[in-house]
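Peer 1: Protein chains in written order, with the working numbering: chain V, 88 to 325; chain Y, 88 to 325; chain Z, 88 to 325; chain L, 88 to 325.
Hints may contain errors.
No copy is singled out in the list; a pair is fine if it fits within one copy or between any two copies.
As the list claims (entries may be wrong) - Calculated pairs, SDA-like style, for lysine to any residue (alpha carbon to alpha carbon, straight line, at most 25 Å): (1) K131 x P183; (2) K281 x R232; (3) K209 x G158; (4) K161 x L185.
It is worth saying that the hints were derived from the structure and are not from the lab.
Protein chains: 4
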Amino acid sequence: MSSWAIVIGAGPGLGAALAKRFAREGCHVALLARNAERLTSLQKQIVSAGGQATPFACDVTSKEDVDRAFGLMKEQFQQNRLEVAVYNTAAFSMSPFLSISPEKFESDWKTMTLGAFLCSQKIVDLMAKQNHGTLIFTGATASVRGSSGFASMASAKFGLRALSQSLSREFHPQGIHVAHVIIDGYIDTEQLNKTFGPGEPGTRLDTDAIANEFWNLHSQDRSTWTQELDLRPFSESF
Amino acid sequence: MSSWAIVIGAGPGLGAALAKRFAREGCHVALLARNAERLTSLQKQIVSAGGQATPFACDVTSKEDVDRAFGLMKEQFQQNRLEVAVYNTAAFSMSPFLSISPEKFESDWKTMTLGAFLCSQKIVDLMAKQNHGTLIFTGATASVRGSSGFASMASAKFGLRALSQSLSREFHPQGIHVAHVIIDGYIDTEQLNKTFGPGEPGTRLDTDAIANEFWNLHSQDRSTWTQELDLRPFSESF
Amino acid sequence: MSSWAIVIGAGPGLGAALAKRFAREGCHVALLARNAERLTSLQKQIVSAGGQATPFACDVTSKEDVDRAFGLMKEQFQQNRLEVAVYNTAAFSMSPFLSISPEKFESDWKTMTLGAFLCSQKIVDLMAKQNHGTLIFTGATASVRGSSGFASMASAKFGLRALSQSLSREFHPQGIHVAHVIIDGYIDTEQLNKTFGPGEPGTRLDTDAIANEFWNLHSQDRSTWTQELDLRPFSESF
Amino acid sequence: MSSWAIVIGAGPGLGAALAKRFAREGCHVALLARNAERLTSLQKQIVSAGGQATPFACDVTSKEDVDRAFGLMKEQFQQNRLEVAVYNTAAFSMSPFLSISPEKFESDWKTMTLGAFLCSQKIVDLMAKQNHGTLIFTGATASVRGSSGFASMASAKFGLRALSQSLSREFHPQGIHVAHVIIDGYIDTEQLNKTFGPGEPGTRLDTDAIANEFWNLHSQDRSTWTQELDLRPFSESF
Numbered sequence: 088m089s090s091w092a093i094v095i096g097a098g099p100g101l102g103a104a105l106a107k108r109f110a111r112e113g114c115h116v117a118l119l120a121r122n123a124e125r126l127t128s129l130q131k132q133i134v135s136a137g138g139q140a141t142p143f144a145c146d147v148t149s150k151e152d153v154d155r156a157f158g159l160m161k162e163q164f165q166q167n168r169l170e171v172a173v174y175n176t177a178a179f180s181m182s183p184f185l186s187i188s189p190e191k192f193e194s195d196w197k198t199m200t201l202g203a204f205l206c207s208q209k210i211v212d213l214m215a216k217q218n219h220g221t222l223i224f225t226g227a228t229a230s231v232r233g234s235s236g237f238a239s240m241a242s243a244k245f246g247l248r249a250l251s252q253s254l255s256r257e258f259h260p261q262g263i264h265v266a267h268v269i270i271d272g273y274i275d276t277e278q279l280n281k282t283f284g285p286g287e288p289g290t291r292l293d294t295d296a297i298a299n300e301f302w303n304l305h306s307q308d309r310s311t312w313t314q315e316l317d318l319r320p321f322s323e324s325f
Numbered sequence: 088m089s090s091w092a093i094v095i096g097a098g099p100g101l102g103a104a105l106a107k108r109f110a111r112e113g114c115h116v117a118l119l120a121r122n123a124e125r126l127t128s129l130q131k132q133i134v135s136a137g138g139q140a141t142p143f144a145c146d147v148t149s150k151e152d153v154d155r156a157f158g159l160m161k162e163q164f165q166q167n168r169l170e171v172a173v174y175n176t177a178a179f180s181m182s183p184f185l186s187i188s189p190e191k192f193e194s195d196w197k198t199m200t201l202g203a204f205l206c207s208q209k210i211v212d213l214m215a216k217q218n219h220g221t222l223i224f225t226g227a228t229a230s231v232r233g234s235s236g237f238a239s240m241a242s243a244k245f246g247l248r249a250l251s252q253s254l255s256r257e258f259h260p261q262g263i264h265v266a267h268v269i270i271d272g273y274i275d276t277e278q279l280n281k282t283f284g285p286g287e288p289g290t291r292l293d294t295d296a297i298a299n300e301f302w303n304l305h306s307q308d309r310s311t312w313t314q315e316l317d318l319r320p321f322s323e324s325f
Numbered sequence: 088m089s090s091w092a093i094v095i096g097a098g099p100g101l102g103a104a105l106a107k108r109f110a111r112e113g114c115h116v117a118l119l120a121r122n123a124e125r126l127t128s129l130q131k132q133i134v135s136a137g138g139q140a141t142p143f144a145c146d147v148t149s150k151e152d153v154d155r156a157f158g159l160m161k162e163q164f165q166q167n168r169l170e171v172a173v174y175n176t177a178a179f180s181m182s183p184f185l186s187i188s189p190e191k192f193e194s195d196w197k198t199m200t201l202g203a204f205l206c207s208q209k210i211v212d213l214m215a216k217q218n219h220g221t222l223i224f225t226g227a228t229a230s231v232r233g234s235s236g237f238a239s240m241a242s243a244k245f246g247l248r249a250l251s252q253s254l255s256r257e258f259h260p261q262g263i264h265v266a267h268v269i270i271d272g273y274i275d276t277e278q279l280n281k282t283f284g285p286g287e288p289g290t291r292l293d294t295d296a297i298a299n300e301f302w303n304l305h306s307q308d309r310s311t312w313t314q315e316l317d318l319r320p321f322s323e324s325f
Numbered sequence: 088m089s090s091w092a093i094v095i096g097a098g099p100g101l102g103a104a105l106a107k108r109f110a111r112e113g114c115h116v117a118l119l120a121r122n123a124e125r126l127t128s129l130q131k132q133i134v135s136a137g138g139q140a141t142p143f144a145c146d147v148t149s150k151e152d153v154d155r156a157f158g159l160m161k162e163q164f165q166q167n168r169l170e171v172a173v174y175n176t177a178a179f180s181m182s183p184f185l186s187i188s189p190e191k192f193e194s195d196w197k198t199m200t201l202g203a204f205l206c207s208q209k210i211v212d213l214m215a216k217q218n219h220g221t222l223i224f225t226g227a228t229a230s231v232r233g234s235s236g237f238a239s240m241a242s243a244k245f246g247l248r249a250l251s252q253s254l255s256r257e258f259h260p261q262g263i264h265v266a267h268v269i270i271d272g273y274i275d276t277e278q279l280n281k282t283f284g285p286g287e288p289g290t291r292l293d294t295d296a297i298a299n300e301f302w303n304l305h306s307q308d309r310s311t312w313t314q315e316l317d318l319r320p321f322s323e324s325f
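Model the full assembly from the supplied sequences, consistent with the hints where possible.
Peer 2: The following block contains the structure:
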């Protein structure tokens, strides 16, 4: 039986690094994001490196889209074993409180929390049938601290963290490992380098290093599962 | 200049106790909830006890309703000083994860988090003009712990707690006190007594005792403000 | 039956304010600290304001001293009801890690944690016989965060917080209220004013305002007990 | 330049598993514990498996002993690179509060906290010269929760956690990785099996699996360092 994995929020940066790592570990990777073009480009990179990937363009805040995408995945991967799924969709959002529009507050929540809920129901359902699999949520500093200016992002990210805790407590005993990773610092992406210039070596979270930590979570013995992992550069104040 | 207060979620139980207490402290209390009939009944109780209250029937999850209600309040209370506002709207919600409908997950969030966001923008705006006032959010055990079965409620309540933290950090320096109260146990309400029978004395949170704690938060010297307060019966395991 | 109270660490500043407040509430206050002269001076202030106080000079890190002092208290107050006891002994301690001597690390722990343990055993024993009373520990920012430079102070203060939690969970059901107060900021003391000059109004914790919060904790209805309270000036970053 | 490692609390169970793992990774392992005989037995096992280890019988609560042991290590390993050090000394301690003797409270603290302080000063000093190395503290459920009956153990373990936080914040920027691991459950040791019988598979933390997590912490890229890791069996309630 071959293995597969799901990366939701398979954009450039961390999403791509996760997908590539899971492919290198032998998983056929289902790539989810809104931007179909980018997914195809990522798929090509994975395939040309000898891996397998299939894009599923999808707006994860839409129940219909999520239903459709997971329907297709079920068909394609029904003989396979789902190893790991990551909900990595996020949006940086910072603003004085009185400048946050209700639309923005709602869309931040939909992107970071509702989408996670919708996808988790599908993923947990698939993993429960196997009594196996790891579901990981990407968190941030704002997941554990409501700083000034972060009312919208922190509210959504706290909500995501609560979801991860509830799922851990309900599904660990069924063999599904659920974990929440707090990314406490800037991720070293091309876009960040363009905006702020390159940082000092090691001061921004390396995407391959993060992907390694996610894979390690999946590789944990079931007698030593981690629920929450914080990751930050050696140079980061906290 | 006379004083006024706002109780959002002025239903029976804690909401009513808060409104009565604020009225006894000399505040004209704006009562918000969906059920107009109940609000009028509560208003009558307050008035017959010598206090002042005005009902504003309102669905706090609707921006239009919130706009309309706060527009009316602004007119009525523009010469007054807003002392304290409480966001007390909540909904108990417990269910196995795979049985939670997306509609329920969204409506829990709207009731417990989005409504708080919409009302907070109005309240903070009013209080910022005075450089004075206390905004309190009613939390629960699920605000700090995502237990099994509480994916929906905890996700919403965590989000509310994040909101309270962000508002504290942004608005304390402007003289607006923002606090989050964790109710860790069962509130002693008529409905609970009907369902489960009366509890042993002191084992359920007394609504007047809670209201006293909320008023104490408002009465704190600005050199000793509390951001988070936990309240539980002496008999409660935690 | 008359009331009494205990203030351990009844030095100038917060200790004195607590003692004066408890005396004003009608308690005969037992004053504990090492410095006998200061205790006598505080006693005089309380008595001249119409209150009652007795000094018990005592090194709370010494089991013999604690045994002796509580032996004397038992005799003097055996007919009375112990209302509230505060462990307020602390020491500010900040230093690069490699500069902390083992003696300093141990003496910080003895002052802030061992002394609390020794006194708590006496206090809990007294309160358990009444099924009544409130035991409060004074904490600090370092009680919940191990910052750089605070290895010694944070280690001791974390230990004190753990003690407060264990006592709450063991003795709340017996009617003894145990609480931990986090003082997050500078207390407005004469000594601080001498060193740093007077602060802007409200930016340092007022000792009478803190004492008010401690008394409020003691006054809580047993259906709404607080385990942990944070107090900070409106102007404080956190 | 060859590598070395330090295991403090190299008793049977987790300590032995850590030492064996570090030896397999190519480190010459310094073994510290009070029981010289056991250390020699562990050394033999490591050597017979092709590894290197040296016993340093030592009471880590004694400054003199710690000075002596680290003096010997410095001589032996001065040309080597210290990779990882673990403070694993602990003592299970549970008792009604009023039954804890002051001697026990103090000895728990010395074993779990003071010993960590004494050894950390030596270790940090060694690692600061290399700008490299990982220092890991073994924590427990009692490190983050003061349960009833755990006043002594939780007080000591909270203190240890504070120490780990302060060291992380002071020394991460110097290239020393400091982490705290929360063991939330029973470790699968021979002694436990004798007392309670064998558990269901996977329901007790496997010592080799824990050792793997410790090594993974040491292997983290410096752009993604973890400060705190929780480990628990899939079956554990939390």
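Peer 1: For every hint, state whether the structure bears it out.
Peer 2: Checked hints:
Taking the closest pair of Cα atoms, K131 and P183 never come within 25 Å of each other, the shortest separation being 41 Å inside a single copy and 40 Å across copies. In this homomeric assembly, K281 and R232 never come within 25 Å of each other (Cα to Cα): the closest approach is 28 Å inside a single copy and 35 Å across copies. Taking the shortest alpha-carbon separations for K209 and G158, only the intra-copy value of 9 Å comes in at or below 25 Å, while the best inter-copy value is 43 Å. Taking the shortest alpha-carbon separations for K161 and L185, only the inter-copy value of 17 Å comes in at or below 25 Å, while the best intra-copy value is 44 Å.
Of the numbered hints listed earlier, those contradicted by the structure are 1 and 2.
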